[in-house]
Every structure is written in structure tokens, then in C-alpha cells.
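As they're listed, the protein sequences go chains A and Z.
At position 26 of the first sequence (counting the first as 1) the number is 26 in my numbering, and the numbers step up by one without a gap.
Basically my numbering = 1-based index in the second sequence + 1000.
No wet-lab data here; the hints were simulated from the structure.
As the structure is a prediction and not an experimental result, all values here were calculated from the model.
Note that the Cβ used here is the ideal one computed from N, Cα and C, for glycine as well.
Take these hints with a grain of salt, some might be off.
[To be verified] One side of the interface only, derived from the structure: several residues of chain Z facing chain A at Cβ under 8 Å:
hint, residue
1, A1018
2, R1029
3, E1035
4, A1058
5, A1066
6, L1086
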Amino acid sequence: MILNAAFYLFSGLAALATLLMIFQRDPVKAAMLMLAALLSTAGIYLVLSAQLLAALQIILYAGAIMTLFIVALTATPAAWRDKPGRGSFMKVLGLAAASVILMELLKVSTALKAITVSPEFSETGTLDLASALFGRFAFQFELLSLVILAAIVAAVALTAKRRTAQ
Amino acid sequence: MSAYALASAAFLLFSLAAAGFLTCGSLVRMLMFLELMLNAANIALVALGPETVSQAYAVMLFAIAAAEAGIGLALIITLASVFRTLEAENIKELKG
Chain A
1 MILNAAFYLF SGLAALATLL MIFQRDPVKA AMLMLAALLS TAGIYLVLSA
51 QLLAALQIIL YAGAIMTLFI VALTATPAAW RDKPGRGSFM KVLGLAAASV
101 ILMELLKVST ALKAITVSPE FSETGTLDLA SALFGRFAFQ FELLSLVILA
151 AIVAAVALTA KRRTAQ
Chain Z
1001 MSAYALASAA FLLFSLAAAG FLTCGSLVRM LMFLELMLNA ANIALVALGP
1051 ETVSQAYAVM LFAIAAAEAG IGLALIITLA SVFRTLEAEN IKELKG
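Hey, can you work out the whole structure from these sequences and the hints?
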């Protein structure tokens, strides 16, 4: 019962933060609202008994990725950022388009109504996850290191080219 | 709680992030909303999939999201230094 309430609370918080982020003009405040949405997601993972994912969500998303965004926002001159006089009509239109997407998604997933899940708190999730990552999914997990290596090389190459061009 | 409620929460977050992606003009904000869309997909995966397998895939998606943010921001900063703007609508020319 309390887990259900916590799930709805964290989902509501994440949705509210995302909604406020759309209408927020200051980019740094928008980044802070995104941080709130990401931390609420960590709460959702805790409710779903994914403790490792909740920790990773806080370390990776709320820590590393948010820092990257804030550094990128502050490193670029203020004159390059979004214009203040942007009307909210486009935003309402975008929300209408998104509500159509939501309706479609809800319609195709009506079959899920028959399935009942009761989130129960379990402590062995992390152990099972580790044995899956280093056993059954070891190849995919190792391939990820190549993806990250390629990303590092690409990011360094892009910024190094910019530095020599200047 | 039905699986439908779990899915609806993830879908709601996804559509709100999609609305933000469609309406904002700044490239950095578009990337932020893209991350939130990926985040919503991750919630759906963890909430609806079989416990261990879906969590393993979610860990892999975390790494992919981090790589995507790194490359995306490097591309955006390079583009912004060429065009002197972060607004997507001002970046029209193919030959910078």
C-alpha cells in the first residue's frame, strides 16, 4: 500500500518537474527542474526494488550528466541562448501533440489492465543483477565499454578540432 | 496496482518530455528532454519487464545515455561556436 502511494507520489513529482521545465525560461532553473525529475525517477526505482539502479540514477544522471549540462550552459555565452520573447502558444500546441501521443500509447497498452503487479521490497535484486551482467550478458556488457570508448574519442576529436580551427 | 498504472506513469513522463522536445528552441534543452525521454523508457523497462533481465538492460541504457549526452554536448558546442547561436531555428545552412 505504502509502496503504491510512493510510486504515484514520485511519478507525480517527476511529471510536475518536467511540465514546469517546459515553461521555465531560465536555462539553469530548467536544469534544476530536470534534476528534480531525475531524483524522483531514482525514487521510482527504489519503489520497484531496483536499489542499484536508483544509486546509478543518482550518480550517473543526477551527478555526471547534469554536471555536463550545467557546464555546457555556463560555458556558452548568454547571447547564444534562447530568446526571451518566445510565445507560449507553441508550447501549448506541443503539449496537445504530446497528449495525442499519450492517448495512443495508453490505447495500445489496454491489454496490460488485466495484469496485476504488487511491488514488494526485495533485497536480493542487486546480487541477481550482478550475476546476470557478468554471466548471461557479459558480452553485451563488454561491448558497452567499446561504445563508451568511441564516445570519449568522438567528444575529444570534436573539441580538439574546434581548438585547432580557432 | 495494475501493470497499466505502471505503464501509464512512464508514458506520461515520455509524452511530457516529447512535448518539451518539440517546443523548445535551444539545442541544449532539446538534448535535456531527449535524456528525459530515455529516462521514461527506462522506467517502463524496469517496471514491466522480468526483474533481472530488465534491470540489466536498464544498466546498459544508462551507459548509452551517458555516451549520448557526452557526444551530443560536444556536437552542440562545436555547432554553437560555428554559428554563434544555440537556437535550432538559426542553424539553417549546411555549409558552415
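Worksheet item: Which numbered hints turn out to be false for this structure?
Response: Violated hints: none; all satisfied.
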